[in-house]
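Note that the protein sequences, when read in sequence, are chains A and B. Sequential numbering of the first sequence, starting at 1, is according to our numbering. Sequential numbering of the second sequence, starting at 1, is according to our numbering.
Read the hints as simulated data drawn from the structure, not as lab findings. Each residue gets a CB set at the ideal place from its N, CA and C atoms; glycine is no exception. Some hints could be false.
[Claimed, not checked] Which chain A residues face chain B? A few, computed with CB under 8 Å, are given here:
(1) V160
(2) I188
(3) N254
(4) N267
(5) N268
Now for the letters of each chain:
Number of protein chains: 2
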Amino acid sequence: MSYEELDPRKMLILKAIIDDYITSKEPVGSRTIAKKYQMGLSSATIRNEMADLEEMGYLSQPHTSAGRIPSEKGYRLYVDKLMTPGVTDLKPTEDELSEICGYMENKIHEMNNIVKAASEIVSRITHYTAIGMASSEKKHTVKALQIIPVDLKKVLVIVVLDNDVIKNQMVKTPDSLSAEELSKLSVICSNMLTGMQADSISLEMINEIVILSGINRDKILPIIDGVLDCIKQCDSAEIYTEGATNLLEHPEFNDVSKAKSLLELINNEEEMAKLLQGCDGAGAKGIVVKIGTENEMLEVSDCSVVTATYSLNGVNLGTIGVIGPTRMDYNKVISALEYVRRRMLPE
Amino acid sequence: MSYEELDPRKMLILKAIIDDYITSKEPVGSRTIAKKYQMGLSSATIRNEMADLEEMGYLSQPHTSAGRIPSEKGYRLYVDKLMTPGVTDLKPTEDELSEICGYMENKIHEMNNIVKAASEIVSRITHYTAIGMASSEKKHTVKALQIIPVDLKKVLVIVVLDNDVIKNQMVKTPDSLSAEELSKLSVICSNMLTGMQADSISLEMINEIVILSGINRDKILPIIDGVLDCIKQCDSAEIYTEGATNLLEHPEFNDVSKAKSLLELINNEEEMAKLLQGCDGAGAKGIVVKIGTENEMLEVSDCSVVTATYSLNGVNLGTIGVIGPTRMDYNKVISALEYVRRRMLPE
DNA sequence: TGTTAGCACTCAAACTAAAGGAGTGCTAAC
DNA sequence: GTTAGCACTCCTTTAGTTTGAGTGCTAACA
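Let's have the full structure, built from the sequences with the hints guiding it.
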């Protein structure tokens, strides 16, 4: 799609309209633009330009005697070219930021939860809903592994991945194993599986573990099962949802049934994983904006989703997505996601 | 409060009114009662009785020409004496039950999550919001403890409590410790702290651990800190919220701002812990019903909260609470909580 | 004395009509 | 190319009207 058709003045007017609509939440008329955004033109002229912009598909009218609202195409152009980029809009929230900073410092060293903490911050800054997904690339490897006796018939399996995600599982053992047997098994498993990827663990390796341990097969199979379960779990992404109720603040969700279906979607981790994964295309600075029906998911077809993927040295750390009405403050959202990147990555 | 003032017929009529209101969600008039609930009386007679019941405070009228709705006092009597107790209302959902049974079987052996699974079931059966709280009695003791090296500068601390709740924490170590030092420290900590209650760990004991280990104090203090953190964490209850969006199904929350404030409350774990703890009074079968303003929390003063505490051999396993409009199907909710008790406790 | 039929009365909700106003499109003049 | 002016549209608000479910009261009845 090329935008050459648009002369600079039209762009300016379109930008003014969208800026205004984003803050006012009301269809904006020609008089408003002529007055508020001093551009030395009368409302009649603006009116003519608006008619042009509508014909080109950048604006639409709810009804004949109403002002104009941006179309998806309008938002698209706005996000791509028009928007005053970067910090500008974040400034008024500087106080919020500092309030939040301290909070983040506390959380940041619980490595497991960086993404959660970051999502919370984004949600708080933007007042939209933030979804965080810790990276779930299959290429993670086992970094540490331990089997701990808990009581006579129970054993705890712990796996730490190379991204410091921790998984554990309690396993009931059919027969009790001695502490020596267990610690031996723990060492063997650790030796065999450390450095392995979840999907590259073969049956042969499991067999080898059983043989090396020299323990009765039936006695330890449940435990090894638990270990594998743990490792597999790591492939299923962790999803953190923050500020879900923020949606209800926006007038486009005044309709309860609409709000309900969206909230239900947001509470559904699988769907959210899909939504965020669908947005992993690089995009400028790793940020992708999907507007309205650009999201293939039907329920969010009147929402926009802005996602940022965070990676360090080529390793994907996670993704944070912001969900809000198509009339969202793209500028603020993108600034927030950038802000979090700056705080997250130097570490 | 005594109910002697009410003759049997008044009770019957009150019960009919409340039954009807619970299902119809509409103020109920005298004609409805006379027709639907065959009791050989004309609407005029019912009308007289209703006027009496209103005077006594069991009913109220939204406006003069509307039917009656139950007052809190009315619900109270209904729950205490009138309600046809037990299974009755659960029958129609027998198919839901069996659908859910299989699901539960899968979850039940993840011991950590019994309460979560149970809450989910309750929420699904009742279509209200269920809040589960795993027991957080301070009297839990440490059952197993282990310190695992993860990489040069990181160590994972794991604590298992006697109720099989697992806590872990990643700790950054200022200086790297050798594997031998760590395993020694792990064994010492385990010996010293196993069987201890969270709040009975003294500074002397920590000192002793440091001395016994023979390692430089500064090197291991962060780790011991992590261990204590872990143990302390166990005192803060785990809260599981299931079916929060179900609230939006009920007409009393058609007002978005009302719904929002309630949803925010429900998402607030501390508040929910307070709410459930406030309801731990024994009550018949461990079930407590708080109607409207009987909840001291302002935001739920037009809701009812039904809580069930589950305990085995005197040990408190957890609490599940159901939140819904005062006009909730108490019968169904109580049945569901009882059902879950039956499935949970034999285990 | 308790029950019931009948009737006047009340009041929210649903519908209708009219007024108000924000905003447009078009035309004609600058 | 820009602008003032004006007729026109159509949503929103307000006020007035109708409808109907439900009540309270009274008088008659068993």
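Against the structure, the hints come out as follows:
With its C-beta approaching chain B no nearer than about 5 Å, A/V160 sits inside the 8 Å limit, and its interface hint holds. For A/I188, the shortest C-beta to C-beta distance to chain B is roughly 16 Å, which exceeds 8 Å, and the interface hint is violated. Of the supplied interface hints, the one on A/N254 holds, with its beta-carbon coming within about 6 Å of a beta-carbon of chain B, less than 8 Å. The criterion of a C-beta within 8 Å of any C-beta in chain B is met by A/N267, whose closest approach is roughly 7 Å, and the hint holds.
Hint on A/N268 is violated. Least Cβ distance to chain B is approximately 10 Å, over the 8 Å limit.
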